[in-house]
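Chemist: What follows is the residue order along each chain.
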Amino acid sequence: MADGTGDEQPDDQAGDEAREALAAELSELLGDAVVESHVEAGQNLWLRVDIEQWHAAMAALRDAGFAYFGFLSAIDWTDAPEGRYEDTEFDAAGAGEEDDEASSATAEETVRRGGGETRFQLLAQLHSPARHAAVLIKADVPEADGAPASVPSIIDVFSGADWHEREAHEMFGLVFDGHPNLEHIYLPTEFEGHPLRKDFPLLARAVKPWPGVVDIEEIPPELEAQLEAEVMAEFEASGAGA
Amino acid sequence: MSPPPTASALREQQAYVAAQAADARVNVELDTGDMTLNIGPQHPATHGTLRIACQLDGEQVISAEPLMGYMHRGYEKLCEVRTYPQCTTLINRIDWLGSFANEVPFILAAEQLMGVEAPPRAQWIRTILFELSRIANVSLFLGDMGVQVGALTPVFFAFRDRERVLNQIEEVTGGRFHPNFDRIGGLKDDIPRGWIAETHAVMAKMRGFCDEMEDLLMGNEIFQTRCRSVGVIPGDVALSYGLSGANLRASGVDWDLRRDANPGLAWDQVDWRVWTHPDGDSFARYWVRLQETREATKIVDQLLDGIPSGPIMAKVPRIIKVPAGEAYVSTENPLGEMGYYVVSKGGLGPFRVKIRTPSFSNISVVPWVMRGTYVPDIITILGSLYFILGDIDR
Numbered sequence: 001m002a003d004g005t006g007d008e009q010p011d012d013q014a015g016d017e018a019r020e021a022l023a024a025e026l027s028e029l030l031g032d033a034v035v036e037s038h039v040e041a042g043q044n045l046w047l048r049v050d051i052e053q054w055h056a057a058m059a060a061l062r063d064a065g066f067a068y069f070g071f072l073s074a075i076d077w078t079d080a081p082e083g084r085y086e087d088t089e090f091d092a093a094g095a096g097e098e099d100d101e102a103s104s105a106t107a108e109e110t111v112r113r114g115g116g117e118t119r120f121q122l123l124a125q126l127h128s129p130a131r132h133a134a135v136l137i138k139a140d141v142p143e144a145d146g147a148p149a150s151v152p153s154i155i156d157v158f159s160g161a162d163w164h165e166r167e168a169h170e171m172f173g174l175v176f177d178g179h180p181n182l183e184h185i186y187l188p189t190e191f192e193g194h195p196l197r198k199d200f201p202l203l204a205r206a207v208k209p210w211p212g213v214v215d216i217e218e219i220p221p222e223l224e225a226q227l228e229a230e231v232m233a234e235f236e237a238s239g240a241g242a
Numbered sequence: 243m244s245p246p247p248t249a250s251a252l253r254e255q256q257a258y259v260a261a262q263a264a265d266a267r268v269n270v271e272l273d274t275g276d277m278t279l280n281i282g283p284q285h286p287a288t289h290g291t292l293r294i295a296c297q298l299d300g301e302q303v304i305s306a307e308p309l310m311g312y313m314h315r316g317y318e319k320l321c322e323v324r325t326y327p328q329c330t331t332l333i334n335r336i337d338w339l340g341s342f343a344n345e346v347p348f349i350l351a352a353e354q355l356m357g358v359e360a361p362p363r364a365q366w367i368r369t370i371l372f373e374l375s376r377i378a379n380v381s382l383f384l385g386d387m388g389v390q391v392g393a394l395t396p397v398f399f400a401f402r403d404r405e406r407v408l409n410q411i412e413e414v415t416g417g418r419f420h421p422n423f424d425r426i427g428g429l430k431d432d433i434p435r436g437w438i439a440e441t442h443a444v445m446a447k448m449r450g451f452c453d454e455m456e457d458l459l460m461g462n463e464i465f466q467t468r469c470r471s472v473g474v475i476p477g478d479v480a481l482s483y484g485l486s487g488a489n490l491r492a493s494g495v496d497w498d499l500r501r502d503a504n505p506g507l508a509w510d511q512v513d514w515r516v517w518t519h520p521d522g523d524s525f526a527r528y529w530v531r532l533q534e535t536r537e538a539t540k541i542v543d544q545l546l547d548g549i550p551s552g553p554i555m556a557k558v559p560r561i562i563k564v565p566a567g568e569a570y571v572s573t574e575n576p577l578g579e580m581g582y583y584v585v586s587k588g589g590l591g592p593f594r595v596k597i598r599t600p601s602f603s604n605i606s607v608v609p610w611v612m613r614g615t616y617v618p619d620i621i622t623i624l625g626s627l628y629f630i631l632g633d634i635d636r
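The listed protein sequences derive, respectively, from chains A and B. Everything in the first sequence is counted per the working numbering, starting at 1 for the first residue and increasing by one. Everything in the second sequence is counted per the working numbering, starting at 243 for the first residue and increasing by one.
In short, the hints are calculated from the structure, not lab data. Just so you know, not all the hints are guaranteed correct.
[To be verified] Result set (EDC-like, lysine to aspartate or glutamate): computed pairs, CA atoms no more than 20 Å apart in a straight line: (1) A:Lys198 <-> B:Glu318; (2) B:Lys557 <-> A:Glu230; (3) B:Lys319 <-> A:Asp76; (4) B:Lys557 <-> A:Glu236; (5) B:Lys540 <-> B:Glu463; (6) B:Lys430 <-> A:Glu236; (7) B:Lys430 <-> A:Asp199; (8) B:Lys319 <-> A:Asp199; (9) B:Lys563 <-> A:Glu224; (10) B:Lys563 <-> A:Asp79; (11) B:Lys557 <-> A:Glu224; (12) B:Lys319 <-> A:Glu192.
Nothing here was measured: the structure is a model prediction, and the numbers come from that model.
All chains should be modelled from the sequences, with the hints used to inform the complete structure.
Modeler: And the structure:
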């Protein structure tokens with residue numbers, strides 16, 4: 001850092017090579033369980049494993065030294081209006097443009113690290129304290145009859161997965177086979193619905209307009225240009241760009 | 243006045259007393275099982291509203307189940323409907339005693355996705371503020387642990403000395419608890435004039451505070467009796483439960499993200515060491531935190547002397563759009579590993595944010611570690627695990 005950005009590049013390259021090597025090693029270790037692996041230079045390593053072998057893969061990784069359980073969660077990949085009901089006036093008006101620009105520009109393949117096409121994906125992270133390495137593991141959760149199929153619990157591999165699986169259960173409605181106490185962890189027992197699913201509306205978002213100029217929705221291009229010009233003028237004036 | 247007891251009544255009474263005494267002599271076992279003790283939601287040891295439902299057998303704990311959710315604010319969902327700069331306001335309120343440290347991993351994750359890197363000066367000041375929030379956060383623990391064993395003095399010292407650190411944070415950021423100071427691409431502002439010398443002085447005071455705590459508590463016989471060999475967590479159990487931070491290092495695992503997975507801050511530019519303790523008990527957790535606070539003051543001192551010159555912000559657009567992708571960045575926060583898994587679909591706000599908080603995992607070991615302990619130890623063990631409710635419930 002102190003020597004400027006000059007020595008950043010080699011660092012990234014070295015990290016990259018180490019991760020590539022690790023990806024190759026783990027792919028060999030896990031065999032056909034690995035569907036795809038992805039390395040982002042200087043950032044992270046993703047492994048996508050077959051959901052059938054989720055439990056076996058986690059156990060194999062633990063035995064290979066990845067003994068520190070970081071977290072377990074899930075992602076809902078549905079394209080949904082931000083926190084609103086799908087049929088609100090606002091979204092109906094903007095729906096057409098949204099489809100043309102946003103979704104084509106951000107095709108799923110470019111977003112998802114490690115690929116995959118199901119709506120729900122499991123996500124976990126493990127560290128190896130001995131090797132100073134970390135790995136992110138994903139698995140596609142298939143859907144059956146409109147609900148995600150049950151997945152094996154890894155509570156016997158990592159005791160810490162207990163609460164993380166309960167959280168994923170209440171927030172996404174995933175079912176973990178073999179979990180002894182799959183109940184709500186944060187929400188009241190009688191709560192219905194799975195809040196982190198994209199089709200679960202956020203009421204505050206649906207009933208009143210959002211305060212502030214910059215909203216999460218697209219902002220008018222002329223306003224964006226104006227704000228952009230302002231900040232660039234400020235930037236030039238401060239001489240920071242030199 | 244009642245009449246004198248008859249002879250037969252006296253004999254009956256004597257026989258009863260003799261039977262009781264006989265029972266006491268042979269130590270007849272009384273049925274003491276199945277008592278439920280609720281600790282919290284309001285209890286000084288819970289730093290918020292955590293409820294622990296304990297099943298007791300006499301003085302011994304059969305099972306202890308933490309029940310959370312009293313403070314669940316749904317930050318992961320709320321982040322999905324906010325722009326990136328708006329998210330940091332929420333993120334400040336996760337671990338409210340070390341707010342600045344919360345912002346850093348989220349900002350770093352967004353920077354990773356954007357391919358932006360903050361200038362060196364910003365990285366150094368970030369690291370300094372990060373360590374200052376560690377000192378402010380952990381110094382409160384160092385005093386608070388005294389309260390858990392019945393010593394009131396240390397906590398007043400802790401509040402007094404923590405204020406000095408908060409003043410330094412306030413001078414730079416304008417906020418004592420919720421700075422909201424970190425920006426994508428750098429920091430909101432530069433440090434004020436004279437701040438470096440003042441902070442040096444405060445660091446010297448904080449080292450004095452650590453010495454004071456060492457004298458007041460660690461050498462104290464009552465403290466040692468209450469904490470030594472109590473709540474022992476072996477290293478492999480700690481790893482399996484995902485314990486992080488000082489709790490993991492007190493179990494003998496040499497793992498510190500500042501050293502082992504530095505996401506680009508200035509820790510690798512200064513000379514410091516990672517402290518571990520092999521015992522894994524409450525005392526070890528206190529000891530490690532005390533050493534770490536001392537170490538943090540040294541890190542800050544060294545960083546203050548080497549802040550590079552240059553801009554405080556990289557060139558970033560006013561309206562921040564983060565390219566599509568996924569990133570996970572975690573840092574060694576005061577409480578342990580805090581990480582943000584950010585998924586972007588290229589919009590103004592994140593598509594999904596998974597917040598990995600240290601206290602959530604640290605507290606998940608409670609059912610395991612409490613089994614077989616005694617009621618008074620529940621409080622010391624909870625205190626030594628050190629959690630913040632906002633950090634558990636998010």
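Chemist: Please list, smallest to largest, the hint numbers that this structure does not respect.
Modeler: 5 and 7
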